[in-house]
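Residue numbers (our numbering), protein chains in the order written: chain A, 526 to 631; chain B, 526 to 631; chain C, 15 to 324; chain D, 15 to 324.
Derived by calculation from the structure, the hints in this document are not laboratory data. Positions of the beta carbon are idealized from the N, C-alpha and C atoms, including for glycine. Some hints could be false.
Computed list of chain B residues with no C-beta within reach of chain D, every gap over 12 Å [stated by the list, open to error]:
#, residue
1, Ile553
2, Ser557
3, Thr560
4, Lys572
For each label pair, taking beta carbons as the anchor points, the in silico distance ranges come out as [stated by the list, open to error]:
#, chain 1, residue 1, chain 2, residue 2, range
5, B, Ser532, D, Gly74, 47 to 53 Å
6, D, Ala295, C, Gly40, 47 to 53 Å
7, C, Asn122, B, Asp590, 55 to 61 Å
8, A, Asp591, B, Ala568, 53 to 59 Å
9, C, Thr275, D, Lys24, 36 to 42 Å
10, A, Lys613, C, Ala261, 20 to 26 Å
11, D, Gly74, B, Lys550, 47 to 53 Å
12, A, Lys613, B, Asp590, 53 to 59 Å
13, D, Lys24, A, Glu609, 50 to 56 Å
14, B, Lys572, D, Ala295, 33 to 39 Å
15, C, Lys28, B, Arg580, 33 to 39 Å
16, C, Lys132, A, Ser552, 53 to 59 Å
17, C, Val312, D, Thr275, 34 to 40 Å
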Amino acid sequence: MAARKSSQSHSGGLELLFSNQRKHKVSIPSTSDATTGQPSNVAFLIKWLCDNLMRDPRKEMFVLDDTARPGILVLINDADWELEGEEKYELQAGDEVVFVSTLHGG
Amino acid sequence: MAARKSSQSHSGGLELLFSNQRKHKVSIPSTSDATTGQPSNVAFLIKWLCDNLMRDPRKEMFVLDDTARPGILVLINDADWELEGEEKYELQAGDEVVFVSTLHGG
Amino acid sequence: AQPRRWPLEKHEYKRYGRQLIMPEVGLHGQLRLKNARVLIVGVGGLGCPAAAYLAGAGVGTLGLMDGDTVEESNLHRQIAHSTARVDMNKTQSAMEYLQSLNPHVNYNRHEFHLTPQKAIQIFEQYDLVLDCTDHPTSRYLISDACILTGKTLVSASALKTEGQLIVLNNPPRPPGDALGGPCYRCIFPKPPPAESVLSCGEGGILGPVVGVMGVLQALEAIKVLTARAQRPANGGDWSTNGATSEAAPKATLLMFSTYNTPQFRSVRLRSRRADCAACSAQSTISRQSLTSGSLDYVAFCGATAPINLL
Amino acid sequence: AQPRRWPLEKHEYKRYGRQLIMPEVGLHGQLRLKNARVLIVGVGGLGCPAAAYLAGAGVGTLGLMDGDTVEESNLHRQIAHSTARVDMNKTQSAMEYLQSLNPHVNYNRHEFHLTPQKAIQIFEQYDLVLDCTDHPTSRYLISDACILTGKTLVSASALKTEGQLIVLNNPPRPPGDALGGPCYRCIFPKPPPAESVLSCGEGGILGPVVGVMGVLQALEAIKVLTARAQRPANGGDWSTNGATSEAAPKATLLMFSTYNTPQFRSVRLRSRRADCAACSAQSTISRQSLTSGSLDYVAFCGATAPINLL
Ligand SMILES: [Zn+2]
Ligand SMILES: [Zn+2]
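Chain A extracted, bound-state conformation (with noise of 0.2 Å):
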């Protein structure tokens, strides 16, 4: 199965939930489902992500309801996911998808 190579990063205190690095790069199967050959999107990396990056037990700081959790923009290529298709978004190799956490500090 051929691998997608998608760079991904954290800003805002994410990074926390993933062993402190800011900045992934990660290959992830071009297909999420192998008998249907549906193309790997969004929502896939999310849970791809939870399941093999993240070290910190809390999911609930990153995901709910199977997607980015309120207070978490993702953007694709520098565009907020929106523009983009959001979860259904088809990843591309190269692809660079960025979860932001809002502040509120000031």
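Use these hints to put chains B, C and D with the ligands onto chain A, whose structure you have.
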């Protein structure tokens, strides 16, 4: 003769020399000399900009001794051209060349 | 003989000369600044530098709102206060500094924290609002009140070594008008879990980080106020917003991270959300619900005592 | 019984608590700031905000150098001065503000403009230098003196709606050592034609633009001072610079442009130049040539009266 597309932009007041426009998308010939087939490099781009795009008569505000004048940084795809071979860097389609005039105010 | 009346006073040409001579401001821009009324909600790490540069630029009326008093732990970043003014209300402390920087500005002090009941009536006295507060509760309230009163909102935040900045409701349009810029609820329809919210007191903050964001808020405010667009004299709808296309305007988020390379990043966010609770045709938030106090922002954002988790 | 002696005074834990609790600063970083001596050359649009945030952060000794007096036209952007202090020397005016913000810093006033003759002797009293001046003449002089005295230099500039920032000689190494960061002459070996140099007085300047650059200078200074690297106690060579590789370090230029999209841009510049007049093995600039006054920076940069061209 094929054209080589390249976008260039100005900063630090240089746009005043180029019709007060910050960004220009230009197509330059892919070879600077039809007989030798010499690929177009940054030296050729600078001369081409002077001849074709610069509306201001004060060429000395942009070039000196056939190269960018002192105080102008030339950046090729977000790196100093000195890291890329300076004037001899051969332009690729889609390259972004930025001319930045140093600021001195404070 | 009576001399021809100049649009600015003589001392104003002197004081604002360095910005007046720039085509981006010019005499027209300076007059717009002079006629502008800007409200700064929160006179802390963001509000102090934002107020300094807006007062410096000659904004006609500057409103300062904060119910807190100055603490010694504020002074590493809240540069309009001073050691001698510890325990003084922050709006009073900042005003002493601002008066000495530029006495030609009208300063309004609102010596209390913003509440839903007061928001509409106060925001109506201003042209533009800066959110310099530090909690989701106030961020939703300020955004809602800006939509209901038709004000552009310059919102920033900072924590530890990072900052964020976004200009909302720009251009300002009534709820349901897709040509208005998105509001805070368009970007964040649901509040973050309360346990994920950290204040600067809990998470820490580097002074220049919040300082940079506050100065950039002043700059965005000046850009909005001096833009070429025509604004009706008495605060009604904007007839034109300076945008050349009639496409639904998107917001841009500027992110800053001290130890990242590059430090700054600009990302394109969405336009207005068709089902936004505040700015869409289906809006459920009204002047009445705010003023009556029936909207409970604290309950909406969950527990008020943030837990030190993230 | 005598209580255990704490490394900081009680009030310092309070005042600096919000930065102390961050791992990027911590107690060690705060002690480094307290022991640090920082010189700010130029107390104008860049120097005022830079000084405010460095004083706020608790830098132990802050040197302020400027021979100018405060003018009304400075006040839209030089936020450490005040209307009542117009005509006062800028270092005196700024010190009054800074003292009231943080009285626990030692402030040194250098009430004159920098000259080649004085540069070495003054720079040797400090650990780090901020170039907040406004002319190529001083920019070359400050860079040369930083190379000769082994100081890292945080240099910024601004004009109209744009700004630039670069950290030079970082890490600081003697001339000829390729593991030192580049200097100003490495990046700009030849000065610009005098007629292309515009000051803020001639070209104009938007207050928050120069403000942002000044605040970012304070941040870069704090980053350098609190970095994990070990610095010898008495200002000798740095044994390690915190870099993991032994490659020649490159400089990064941060560019800001108010009306550009994106507003900020970081570009990679070169490492030390093998034939640099100041920092290479072939250096022709010495302590002697500076101190004796034999180096003429004004002649090097051409005519002193800039012509309003670009
Ligand atoms: Zn909305
Ligand atoms: Zn050098």
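Hints breached by this structure: Those not satisfied: there are none.
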